Amino acid sequence: MGEIKMRRKVPMVILSAAGVWIIIDYLISYPVIQQVSLTLRNWSVIIAGFTLMLGAISTSILHGKKIISKEQGWGYSSILMLVLLSTLIIGIVLTPTHPAYEFLYFNAFFPMTTTTYSLLCFFIASAAYRAFRTRNVDATILLVSAILVMLRNAPIGQVIWSGFPAIGDWVMLVPNLAGKRGIIIGVALGSIYTGIRVLSGYEKGLTGGGGE
Amino acid sequence: MIIAGRMSVLIVIVSLYILSYFFIRRVKEGDLPQIRKIEGLDAITEAVGRATEMGAPVLFTPGYCSRGLSGTGAPDIIVSMSVLEHCSEVAERMGAHLMTTICQPDVFLLAKDAYKTGLLKGGGVDTYDRVQKDVTFISSEQFSYVTGTLGLMEREKVAANIFIGPYAAEALMFGEQGSRLGAINIGGTASTWQLPFFIATCNYTIIGEEMYAMGAYLTKNPAQLGTIMAEDYSKLAMILILISGFILSNLGFPIIEQILGM
Chain F
272 MGEIKMRRKV PMVILSAAGV WIIIDYLISY PVIQQVSLTL RNWSVIIAGF
322 TLMLGAISTS ILHGKKIISK EQGWGYSSIL MLVLLSTLII GIVLTPTHPA
372 YEFLYFNAFF PMTTTTYSLL CFFIASAAYR AFRTRNVDAT ILLVSAILVM
422 LRNAPIGQVI WSGFPAIGDW VMLVPNLAGK RGIIIGVALG SIYTGIRVLS
472 GYEKGLTGGG GE
Chain S
350 MIIAGRMSVL IVIVSLYILS YFFIRRVKEG DLPQIRKIEG LDAITEAVGR
400 ATEMGAPVLF TPGYCSRGLS GTGAPDIIVS MSVLEHCSEV AERMGAHLMT
450 TICQPDVFLL AKDAYKTGLL KGGGVDTYDR VQKDVTFISS EQFSYVTGTL
500 GLMEREKVAA NIFIGPYAAE ALMFGEQGSR LGAINIGGTA STWQLPFFIA
550 TCNYTIIGEE MYAMGAYLTK NPAQLGTIMA EDYSKLAMIL ILISGFILSN
600 LGFPIIEQIL GM
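Residue numbers (the working numbering), protein chains in the order written: chain F, 272 to 483; chain S, 350 to 611.
It should be emphasised that the hints constitute simulated quantities derived from the structure, not laboratory data. Don't take every hint at face value.
Claimed, not checked - Just a few of them, taken from the derived set where beta-carbon distance is under 8 Å, the chain S residues facing chain F:
#, residue
1, I352
2, T485
3, L501
4, T550
5, N552
6, E580
Said to hold, decoys possible - Derived coverage of chain F by chain S (criterion: at least 3 residues anywhere in the stretch with Cβ under 8 Å from a Cβ of chain S; other residues may be distant):
#, region
7, 295-307
8, 364-373
9, 383-389
10, 394-402
11, 421-428
12, 459-467
Nothing here was measured: the structure is a model prediction, and the numbers come from that model. Even glycine gets a Cβ: it sits at the ideal position worked out from N, Cα and C.
Whole structure, please, built from the sequences with the hints as guidance.
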């Protein structure tokens, strides 16, 4: 039991010390503090790189098992492993600035990402069709304000009536912005207090003590 | 000694720290606050129960989590992991199958631990194999993670989705996919850009600061309850400062602005 407590207390102490140091660096300009803070930030980037490697290993094990046992969808897992390994090997052997690597990135990965992103317009249309119905007062207000903002953004709004852009601007700049700022203030305070709990060692979930 | 313009930040940090310490002590002495009902959280049990009856799985996913624990969404990630632990416990007690997809590798480590803790709390055994199988790291690239999760939702025909965490563009895609499959969607994020999409596509939405009350609501942990109380009083103080600053500035006395700019 003592060993388990030590395993949790030591990381918590390191976490708190590092966090407080970074805050002190933000408040005080002193060369030694800045130097240590820079080192801590560099270490965090390196650790993030190692966790990425961990993610790649986990993915490889998951899909490797699927391929070996020929589970449903093993063909897709094979393609994934082929692409993962080829990108890894090309990146390591030829470096990420090599034309072959850039070809993979700009002609395979990038178009697929933008294609998936572009699906959003269809999702928005589908969500709008479902959500903007006059079921109750709140839904009606949502529908009316959505129409006003759409007429503000689409050129046809100005063509129909020159007052639509002004009304749409008012909706965005007054009630919408007010609500947004209220939420942001609440979120900011919540984030700060979560940080205080982490630095004070009250968030046990980060160091494996979530069950207590 | 203090960098110009940052004295007010130091004062605020110290004040909030003192306030949280004060209220945590009060809670530990027995003065428990009443947290109002958060429908989205109560709906988790309903959603998991529905999935159990239908024999379909439940999906929990915390979103893109840009830059993981190093990013600005780190507090949201911490909150989502406590919700994951709760979902895992509820699913284990009800006999439902909970799946999790993760986008960032550091969040993946936390998720495995939270999932396992929840399983153990729910009375589960053989946790190692189940964690390996049900907590999946998809990819650290946003849309690779999105397509992987959408595919999983479609193939497994999930009956309930719990989307709580720092979401980006995938909020709409996940919510819409869940709606299309007829699943119960529970969404929660602190991002004001994604909240409207959750409101449009989810049955229950947890808005902004309700996220940070979730941990306290679920666990009744004294530290979390104390900081919720401190948060409420801080908000009241901020409102008073805003109003007095507004009035004084308009009367020609920008004292509050000068203090905040110190």
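Hint check results:
1. I352: At about 5 Å, which falls below the 8 Å cut-off, the nearest Cβ of chain F leaves the hint on I352 (chain S) intact, so it holds.
2. T485: 7 Å, holds
3. L501: For L501 (chain S), the interface hint is violated, since the closest Cβ of chain F sits about 10 Å away, which is over 8 Å.
4. T550: 5 Å, holds
5. N552: 12 Å, violated
6. E580: 5 Å, holds
7. 295-307: Check passed, 4 qualifying residues.
8. 364-373: violated (count 0)
9. 383-389: n = 4 at 8 Å, threshold three: holds.
10. 394-402: holds (count 7)
11. 421-428: violated (count 0)
12. 459-467: holds (count 8)
The earlier numbered hints that this structure contradicts are 3, 5, 8, 11.
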